[in-house]
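K.L.:
So the protein lines, in turn, are chains F, W and R. Following my numbering, the numbering of the first sequence begins with 118 at its first residue and continues without gaps. Following my numbering, the numbering of the second sequence begins with 641 at its first residue and continues without gaps. Following my numbering, the numbering of the third sequence begins with 12 at its first residue and continues without gaps.
In case anyone wonders, no lab produced these hints; they're calculated from the structure. This structure is a prediction, so every number in the text was calculated from the model and none was measured. Among these hints, one or two may not hold up.
If you want the footprint, here are the derived chain R segments under chain W, 3+ residues with CB under 8 Å [to be verified]:
| hint | stretch |
| --- | --- |
| 1 | 32-38 |
| 2 | 63-70 |
| 3 | 74-84 |
| 4 | 159-168 |
| 5 | 217-231 |
Cβ atoms here follow ideal geometry from the backbone N, Cα and C, with glycine treated the same way.
Chain residues, written in single-letter form:
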Amino acid sequence: MISLLLILIICAAVYTLSSSNLLHGVIAMSFVSLLSALIFYILQAPDVAITEAAVGAGVSTVIYVWALRYTKRSDDGDS
Amino acid sequence: MKLELLLILILFLVGFWGIVGKNNIIKKIFGLNMINAAAVILFILEGSRSGADAPILGKEGLHIVDPVPQALMLTAIVIGVCITALALALAVHLYRVSGSFDIDRIRDKVHNEN
Amino acid sequence: MATPKTRFGKIWSKAGAVLSVAAIGFVLFPIFLADNPWPVEARDYLAAMGQAETGAVNLVSSIYLGYRIFDTLGETIVLLVAVLGTMSILSRVESLVDDSPADDAGKSGADKAGDALKKSGGFSLSREKRHSHTLRTDLLEAVTGKIGPVILIFGFYVMLFGHVSPGGGFQGGVIVASAIVFLTLGNPGAGTLLSNTRVLSTLETAAFLLMLLLSSSGLLFGQGFFGNPMAGAENPEVYIIILNAVVGLKVGASLGFLCITMMGGHK
Numbered sequence: 118m119i120s121l122l123l124i125l126i127i128c129a130a131v132y133t134l135s136s137s138n139l140l141h142g143v144i145a146m147s148f149v150s151l152l153s154a155l156i157f158y159i160l161q162a163p164d165v166a167i168t169e170a171a172v173g174a175g176v177s178t179v180i181y182v183w184a185l186r187y188t189k190r191s192d193d194g195d196s
Numbered sequence: 641m642k643l644e645l646l647l648i649l650i651l652f653l654v655g656f657w658g659i660v661g662k663n664n665i666i667k668k669i670f671g672l673n674m675i676n677a678a679a680v681i682l683f684i685l686e687g688s689r690s691g692a693d694a695p696i697l698g699k700e701g702l703h704i705v706d707p708v709p710q711a712l713m714l715t716a717i718v719i720g721v722c723i724t725a726l727a728l729a730l731a732v733h734l735y736r737v738s739g740s741f742d743i744d745r746i747r748d749k750v751h752n753e754n
Numbered sequence: 012m013a014t015p016k017t018r019f020g021k022i023w024s025k026a027g028a029v030l031s032v033a034a035i036g037f038v039l040f041p042i043f044l045a046d047n048p049w050p051v052e053a054r055d056y057l058a059a060m061g062q063a064e065t066g067a068v069n070l071v072s073s074i075y076l077g078y079r080i081f082d083t084l085g086e087t088i089v090l091l092v093a094v095l096g097t098m099s100i101l102s103r104v105e106s107l108v109d110d111s112p113a114d115d116a117g118k119s120g121a122d123k124a125g126d127a128l129k130k131s132g133g134f135s136l137s138r139e140k141r142h143s144h145t146l147r148t149d150l151l152e153a154v155t156g157k158i159g160p161v162i163l164i165f166g167f168y169v170m171l172f173g174h175v176s177p178g179g180g181f182q183g184g185v186i187v188a189s190a191i192v193f194l195t196l197g198n199p200g201a202g203t204l205l206s207n208t209r210v211l212s213t214l215e216t217a218a219f220l221l222m223l224l225l226s227s228s229g230l231l232f233g234q235g236f237f238g239n240p241m242a243g244a245e246n247p248e249v250y251i252i253i254l255n256a257v258v259g260l261k262v263g264a265s266l267g268f269l270c271i272t273m274m275g276g277h278k
């Protein structure tokens with residue numbers, strides 16, 4: 118179970134680094150945080166799961182989206 | 641168990657590739673976040689091997705996991721988001737100064753102004 | 012170091028990146044895949060003595076508020092430094108400063124939107140200055156404005172019950188920060204009391220001062236710096252509850268301040 122979730126996390130991470138639209142990459146990073154929170158719950162760590170869910174899918178994604186919004190660059194021109 | 645540790649190592653290396661091999665600043669910050677996530681998952685995984693229950697007492701006959709790495713990782717996650725916020729503020733400022741997120745163009749602009 | 016412009020230079024730099032990733036993988040491989048047994052002395056001691064010494068049933072709370080409370084103090088200082096750094100960097104970016112136009116009273120909505128687009132391209136929270144009306148519908152404001160207080164109450168619950176169930180200061184604080192973002196999104200224009208950056212910074216400094224006061228209260232009762240002053244009494248978890256609330260308020264106010272500043276500032 119944990120191996121399957123880790124494979125999904127690696128796929129999402131590779132998609133983040135190779136997508137040309139940065140906003141898609143931000144959503145994929147919040148997906149990585151969501152899967153990490155699920156892993157922490159399965160590994161009997163409820164405190165860390167709550168913190169990772171609230172921080173990764175909440176505050177971190179909000180900060181990324183607003184930083185991209187300011188610079189008006191949601192598209193990547195090069196690699 | 642070995643397979644999971646190998647996958648965590650691969651996640652760490654993907655994050656490191658994001659820092660070193662990508663030219664966009666935002667992707668470098670993505671790489672920092674991935675390295676943080678890999679380290680936290682590694683600690684929680686290793687700490688959960690020595691028990692079977694969540695570390696909250698209450699019933700009798702509990703065989704709890706080690707609570708020390710969980711307490712340390714709480715601090716690590718919050719510090720990770722602080723690092724991300726500061727790095728993104730720097731990236732926004734660099735964009736306003738130079739006009740792009742690409743690090744080659746920023747370097748050229750800084751060198752041409754000197 | 013000049014940027015590589017020739018094709019050979021670009022291939023050389025990419026090869027250097029691949030080589031460094033391979034080198035790091037080679038170094039970390041025995042560390043990640045080592046087969047050492049995890050030492051269990053700490054777990055046995057905490058399972059036996061953790062509740063008696065600190066009064067918290069949740070052992071993770073007893074660690075970061077009882078045995079290793081200096082880490083928590085260091086973490087609040089790191090939060091303070093991060094917020095200070097972000098504020099000082101963002102205040103130099105001139106398009107982020109939210110100056111309220113006092114002479115726009117006579118213009119229509121479209122004119123004000125055009126002004127905002129021409130002036131800075133900045134992102135603002137008030138209705139008149141938005142230049143992307145289609146993306147911020149009334150549905151979003153209605154939903155976030157109504158659900159904001161509910162999440163605030165949930166955040167306070169998680170904060171104050173951290174010693175008996177999963178939760179605590181950090182978790183409740185981050186949930187309170189998200190509730191602050193919801194309240195700010197849902198009430199455009201004036202915003203609520205918690206959307207004011209001055210109120211948030213006052214809250215954060217007050218929580219930090221309270222934490223220093225609580226830390227020195229242990230000295231008066233013979234328990235040492237950051238010691239539990241009620242360790243001998245019949246319910247020593249009151250200290251844990253108060254510390255949870257203070258840490259949660261500090262973390263929530265810090266992260267809420269960070270988010271609202273990056274959103275464009277809200278007077």
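K.L.:
All the hints need checking, so say for each whether the structure fits it.
P.N.:
For each hint, the structure was consulted:
Counting residues of the stretch 32-38 of chain R whose C-beta lies closer than 8 Å to any C-beta of chain W gives 3; at least three are required, and the coverage claim holds. Proximity of the stretch 63-70 of chain R to chain W, defined as three or more residues with a beta carbon under 8 Å from a beta carbon of that chain, is established by the 3 residues found. Given a C-beta distance limit of less than 8 Å, the hint that chain W covers the stretch 74-84 of chain R holds, as 5 residues qualify and 3 suffice. Coverage of the stretch 159-168 of chain R by chain W is violated in this model, with 0 residues showing a Cβ closer than 8 Å to a Cβ of that chain against a need of three.
Only when three residues or more bring their CB closer than 8 Å to a CB of chain W does the claim for the stretch 217-231 of chain R stand; here the count is 0, and the claim is violated.
Hint check: violations occur at hints 4, 5; the rest are consistent with the structure.
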